[in-house]
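J.: If you want the building blocks of each chain, they are given just below.
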Amino acid sequence: MITTRRKHVRLAATCIAFAGCIYSVQAGGLAIKAGKVITMNGEDAVYNNAIVFVEDGLVKGLGQQGKTPIPDGYSVIDASDKWVVPGLVDAHNHTAGSLADLNDMVYLSNPGLRTLETIVPDNELIKQARAGGVTSVLLIPGSGTNMSGFGTITKTAGRTVDEVVMRAPGSLKIAQAGNPEWYWYGVGRSYMNYNTRQTLEKALGYHKKWVAFEEKKVANAPLFDPIFEGFRGLFQRKFPASVHTQAYQVVMTTVDMLAKKLKIRTIIDHGTFDGFKTTAILKGSDVYTINGPRQYWFDRSQRKMHGNCARWWQSGQKKLGCNTDAPVVPQAELSYQGAMACWYGWTPYEALKGVTKIPAEALMIDSEVGSIEPGKSADFGIWTGDPLDPRSSCEITVIRGKVAYDAKVKRRF
Amino acid sequence: MRRLESLIQLCLLACLACCVLPSSRAFAEDPKPEEKKEAVDTKTDDPDSKGDDEEKDDEDKKEEKKDVYFAVTGATIHTLSRGDLYDATVLVKNGRLAEMGHGVVIPEDAETLDASGFHLYPGLVAVRGGNIIGSGRAEETTDVYSLWMTIALASGITTAVSGETAVSLTYGSVEDMVVKRDLFVGLRYSTSDPKQRRKVREGFEKVRQYMRDLQSHVEKKKTDPKAEEPDKEWLKGDFETYFKLLKHEAVAKVSANTAHEINQFCDLAERYGIRIVIDGALEGWTVARRMARAGVSAIISIRPPIFSTDTGVDERLNRPTGRSIENAATLHKYGVSIAIVPSTASITAWGLAGRDLLHLNMEAAFAVRGGLPEEAALRSITIDAARILGIDHRVGSLEIGKDGNFMITDGDPLHYMTHVRWTVVNGRLVYDKKKDSLFSHIRPDGDRDAPPPDDYWPRRLGDGQ
Numbered sequence: 012m013i014t015t016r017r018k019h020v021r022l023a024a025t026c027i028a029f030a031g032c033i034y035s036v037q038a039g040g041l042a043i044k045a046g047k048v049i050t051m052n053g054e055d056a057v058y059n060n061a062i063v064f065v066e067d068g069l070v071k072g073l074g075q076q077g078k079t080p081i082p083d084g085y086s087v088i089d090a091s092d093k094w095v096v097p098g099l100v101d102a103h104n105h106t107a108g109s110l111a112d113l114n115d116m117v118y119l120s121n122p123g124l125r126t127l128e129t130i131v132p133d134n135e136l137i138k139q140a141r142a143g144g145v146t147s148v149l150l151i152p153g154s155g156t157n158m159s160g161f162g163t164i165t166k167t168a169g170r171t172v173d174e175v176v177m178r179a180p181g182s183l184k185i186a187q188a189g190n191p192e193w194y195w196y197g198v199g200r201s202y203m204n205y206n207t208r209q210t211l212e213k214a215l216g217y218h219k220k221w222v223a224f225e226e227k228k229v230a231n232a233p234l235f236d237p238i239f240e241g242f243r244g245l246f247q248r249k250f251p252a253s254v255h256t257q258a259y260q261v262v263m264t265t266v267d268m269l270a271k272k273l274k275i276r277t278i279i280d281h282g283t284f285d286g287f288k289t290t291a292i293l294k295g296s297d298v299y300t301i302n303g304p305r306q307y308w309f310d311r312s313q314r315k316m317h318g319n320c321a322r323w324w325q326s327g328q329k330k331l332g333c334n335t336d337a338p339v340v341p342q343a344e345l346s347y348q349g350a351m352a353c354w355y356g357w358t359p360y361e362a363l364k365g366v367t368k369i370p371a372e373a374l375m376i377d378s379e380v381g382s383i384e385p386g387k388s389a390d391f392g393i394w395t396g397d398p399l400d401p402r403s404s405c406e407i408t409v410i411r412g413k414v415a416y417d418a419k420v421k422r423r424f
Numbered sequence: 349m350r351r352l353e354s355l356i357q358l359c360l361l362a363c364l365a366c367c368v369l370p371s372s373r374a375f376a377e378d379p380k381p382e383e384k385k386e387a388v389d390t391k392t393d394d395p396d397s398k399g400d401d402e403e404k405d406d407e408d409k410k411e412e413k414k415d416v417y418f419a420v421t422g423a424t425i426h427t428l429s430r431g432d433l434y435d436a437t438v439l440v441k442n443g444r445l446a447e448m449g450h451g452v453v454i455p456e457d458a459e460t461l462d463a464s465g466f467h468l469y470p471g472l473v474a475v476r477g478g479n480i481i482g483s484g485r486a487e488e489t490t491d492v493y494s495l496w497m498t499i500a501l502a503s504g505i506t507t508a509v510s511g512e513t514a515v516s517l518t519y520g521s522v523e524d525m526v527v528k529r530d531l532f533v534g535l536r537y538s539t540s541d542p543k544q545r546r547k548v549r550e551g552f553e554k555v556r557q558y559m560r561d562l563q564s565h566v567e568k569k570k571t572d573p574k575a576e577e578p579d580k581e582w583l584k585g586d587f588e589t590y591f592k593l594l595k596h597e598a599v600a601k602v603s604a605n606t607a608h609e610i611n612q613f614c615d616l617a618e619r620y621g622i623r624i625v626i627d628g629a630l631e632g633w634t635v636a637r638r639m640a641r642a643g644v645s646a647i648i649s650i651r652p653p654i655f656s657t658d659t660g661v662d663e664r665l666n667r668p669t670g671r672s673i674e675n676a677a678t679l680h681k682y683g684v685s686i687a688i689v690p691s692t693a694s695i696t697a698w699g700l701a702g703r704d705l706l707h708l709n710m711e712a713a714f715a716v717r718g719g720l721p722e723e724a725a726l727r728s729i730t731i732d733a734a735r736i737l738g739i740d741h742r743v744g745s746l747e748i749g750k751d752g753n754f755m756i757t758d759g760d761p762l763h764y765m766t767h768v769r770w771t772v773v774n775g776r777l778v779y780d781k782k783k784d785s786l787f788s789h790i791r792p793d794g795d796r797d798a799p800p801p802d803d804y805w806p807r808r809l810g811d812g813q
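So the sequences go chain by chain: S and B. Each number in the numbering used here comes from the position in the first sequence (counting from 1) with 11 added on. Each number in the numbering used here comes from the position in the second sequence (counting from 1) with 348 added on.
Be aware that a few hints might be false.
[Said to hold, decoys possible] In silico DSS-like pairs for lysine-lysine, Cα to Cα no more than 27 Å straight-line:
id, chain 1, residue 1, chain 2, residue 2
1, B, Lys782, S, Lys419
2, S, Lys315, B, Lys782
3, B, Lys781, S, Lys288
4, S, Lys274, S, Lys288
Rather than coming from a laboratory, the hints here were simulated on the basis of the structure. Just so we're clear, the structure is a prediction, and the values are computed from it rather than from any experiment.
Next up, chain B with everything else stripped away, as it sits in the complex (with noise of 0.2 Å):
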């Protein structure tokens, strides 16, 4: 019995290195305060785009490129993180926030920008980005002067997601826009198909395999300088992809709803320590401690779709089924880390209204309905949305060194009659309400018995304003 005490210890111990073995070595990799600014100042984690860079620090080298500073005063700001400041500055240098609080000195060729009894955020983080961004290449493919990004800039989102890209909408510039590349893998196992999930086990165990190999190899070396290496040729595909979740160099997206298919992929995710993000989740709070055990995260919509016709309710089972306005804040309480986004992840303009990402907002106020304190709804569209992403350290919260992206707001952003008032982009101004004829009417200076715009037939060239 004793002995069997003294294992169960020795296994705690073995998890417990485990545990701080990963963070140990993060923080000796952490570089020191002068190369974090460096590696700030770079503009993308994108390797794509080092060209470009290179190319540009040649330019640099030409002409002194000279600093851009972008500020904002008189806001209160709530950071996020770090608490809320009171009538305080915020100072972006080249398109990252570098000074934030009381006394800051604006330099005199700053941009600067009144926000006396307004609230400034960080920009909200749309986990799906609809039609804001354009497909495949972001930079290729985006309208940068669409519709829908001004909407979406209105809306205060200022990063959304298309396809396994994160991008900031620098609207009028396609410049400093992509963020991340390659968000995530897929990773299909199927509820429904025994025989593909064996398959998929077996690959991870394959994998397995080959990294103790690769291990067992590196050691051998030390003896015997002409060991030869374990054969990778058959790690493509399907392969690679295990090998990338297993080293934790990728994050799986699947698209999981009932609580037997979030089962199976948090068994998944336990059994080889991946890092899984359940899209979706709608029975997630049946399964919430299941889901917090096997570190799964989540992207869930609060509400049903339009012309849903969806009670909430499978009677045909024997358990709690279906939708509950209840999933975010029970997934919340158990620890699972949750995004929210609406279930019609794009702008539209074809007139309901407080469905689709013009209203992120609301979506996250819903969660609140169902018990999510408002500062965790808050947090599921910004810095939360952005660690699932893994783009925290981007953007998502107000930090130095993070990305200068903000909205700022009339009021509190949960609010049904919140109005975003300028959105910042990467320092740059990129929203403004009372210029953007969008909703400039609607109670401009916060005046709610202004008169109503003119109705006139469709203007020509030269009528009117």
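Chain S with its partners taken away, still in its complex shape (with noise of 0.2 Å):
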């Protein structure tokens, strides 16, 4: 598939190849010959028989077939037949790292962890999720306790740790109801409400003497405090908490206590049952959706199958896209939850945009990732049709500019 204008390139290009290995290095630059972009620009553009130029793990341009010359020295990826699709971005992963390291349930609330030390980069799981377009994850831990560390985003190509982070912290996980309540002997919402509420706010006391000191209001530095010293970035709105939140009573205190009262970037992740009904307290706010794994609510009273997606939508959520809670729903079938979001009332290129752009503006990291468009890291999936369809597979992934999965040296989704 990978043709080059230099023959010794392509003679390094198939010893790689034969070596099993997929990460191939390419001098000069990449082009990549697509029957279809879905740039998920600000336009929304698509164009038809375009050319996608990468360099130095960068996206350099679009242009047309037949029109635009190739440079000399580009290596060429001939997927005039397929369509060139944004890396999916899932803003809700749990294999990224070890699953064993998922849920240190030592406090209902535990502020001070994260998941960066619980990295694997390549490991089998993450490999998958390649095959299914997926390039951007946000590794989080679990919902035992209300406060269970600070996720990571990370790729989902690379050797090192180093390679593999995007952004550290990445959020903040934040697990309201529907979980927690198994800790120890079980705790309620009233009393994990106040134990969330009362964690942020001595943060927030923490950050506010700090602020006061670098404004110079105060002489004394405080006291250096390692536990809350993360929050600071949360409260800067440098980076969201991922809420596990879900049903009507949950996602309210979500949106009023965090998004509003604590003014915290806020995901709600989830977002399930009849959560959609707190739309109306949205209007006008930051507060992302990411909705699944579930993918609908089976309402008893009315006897009726919602799909999430299709009730957010309808009832005003804009910023709304899917997740897969990998290994809930395999990593690799992100793009699925979107087609099952469509099944359920949702449209198709809302959809999509669900699981590339938004989840990139959900997470702060779309001027990144989540589009095809000059500047932005090439992270691309070369699917063999619409990317929501299950019978479409992603022949090539293309992580930083090079080609992280390719289907013809082992299919593995």
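Please assemble the complex out of the two chains, which come individually in their own frames, going by the hints.
T.: Right, dumping it as structure tokens:
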């Protein structure tokens, strides 16, 4: 599939393919001839018969086949009969790290923990992610306690922790209800809400002390606190909180307590059951809903199967995406989560956006990933057709301009 | 050398004779058209229900039974066995497909459904039925009004299996429900216990010897009417199962996933010429050629179950191992008959979408991702599934005389946005998307921009609609 203008580069590429190594090193740039490019840019542009140029791991620009010349030294991937789609982004993953270290349920809230140390680069489950065209994931701890630590945004390819990490902390994981109840002998929502609030208020107090010092309102630096230091970025809104929240009452608390009162950048991460009924109080906020892994709610009183995404969308939440909660739903099936959201009433383009651009925005990494635009990371999947359709497969996954998965070498999904 | 060749030729001829003889017998036994019609009209293959039928016949004599007709017009008909018919009519008489095509005269008293613009397919066959139907005697244990059955019908499933019984999803009725009992027999052939395996083989040998004795007894009897019949007191339990298998009166369903397990069963199938269905066949793609040669068929799932940390490979083995998305395609390529079913083979309502029987069609669509042709994918949840269950004379494709079971969809059944609009079982409308509250609000009449349903707190009696 990979052809090049320079013979020795082709030879090198072949050797690499034979060695079973899929990280091909390109001298010069990479040009991908695409049947269709879904850019997910501001204009929602879709180009047919286009060329995507990649240099130094970044998208350099787009051209038109037959018109834009491919510079010498560029290796070429011919995907003239395929779709080039932005690398999928999952805002809720547990498989980029060790599953054994997911839930350290020492206290009911464990604010100092982080997943950064639990990352296992290139593990078997994250290889599966690449096979599904997933290129960036937020590795978050489990929902066994109200606060289980800071998540890490990682690429799905790379051999060392430094290579895979995109941002740490990626988010703060808060679990409001629907799991931490099982802690110790069991706790209810009143106590859990108090517990979350008081922890965050302590952290906010710490942050304010430092702000006062930095603004020279007080002379002496406050005492350094390793537990709350990590929260400063949260209150500076440099990263969001991924909130395990679901059902109407709980999601209301999320919006009111976290987004409105504590002014934290909030992701409603799950938002399932009748959580969509809270849309009315979301208007004008920057709260994102990343729905999943459940994609429908069976309302027994109405005897109706509601598609969660469809209902969030119809009631006005446009900052809407899907997740897998891998390994609950295998990471490679992120696009299928979008497909199912469509079966239950959502629309395909929005669903595709909901697994690319929207989660990138929610995680505040949209300047790097989530769309195919000049200057952004060259992360994309080369699909045989509509990526939401389970009949289409991701043939090649490119991450940071390098081929990280090639179904021709070894098909995984 | 020459003698060896002629010997081989002789063997081949004998083989050929073996192959031809049973089928010619089948032709000879085929009923004449008139008889066939009658045979089709008898309700089930189930000997147990014959008593009921007789009673019914008595009632019929008292008051003339009227023929019941159901017609669907205007749909594109995908027969799956004889091509497609455009804007054609299907007429069901007394629960069985009576006529199909253009210019079909619809009787005046027929219930008629206008399905213009929709697609009519045979109802899907779920080779595992989970909670759709009851266990044991299905007609006595099934809640025919259950939510699960409605959802199954909404997914286009019209036939499901519970235990060893294939059942039609006759919503609201148990009449004409059982399609076939005793679909399979169990067969244990342990991969870890060579003694047990030897015992099984010895059992087969013993029964085979008995069958030879029986044959020679028939011969002997011609000259000596007093010839003693071979002893068959011992022909019980496992031996009886082996006897049925050797006579092709039964098919064995066995659970096998690794290449090693599958190979063992292939050996058994080849050695004794018995019919085996491999349930699981996770590594079938690594031994597809072997499976094809042994004539075994397979029931497979394409994707891993939820919460699975199955990475698809066992690094400890020095051979291709584990799960492959190409499993279905590879098996199909080598000619192994496959039925596809999701690993969650029941209806669920707790929120994970597209992984249970409600999306049986999507499991087949994932097989297409692995290279299975679309037509084969559709067959793997209809006619091929029916064939594996041994009920393809009743369901799985649209042919005259078969059960009047079909799903009418608003599009390609392998597309992720296709909904079932109507489902018909035994010529009776059993699911209507518009009239059932479950999915009626999702793209009603294909309208993507339809307003959402009201959200009001739980209704009480007398509230709202």
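J.: Are any of the numbered hints broken by this structure? If so, which, sorted upward?
T.: 1
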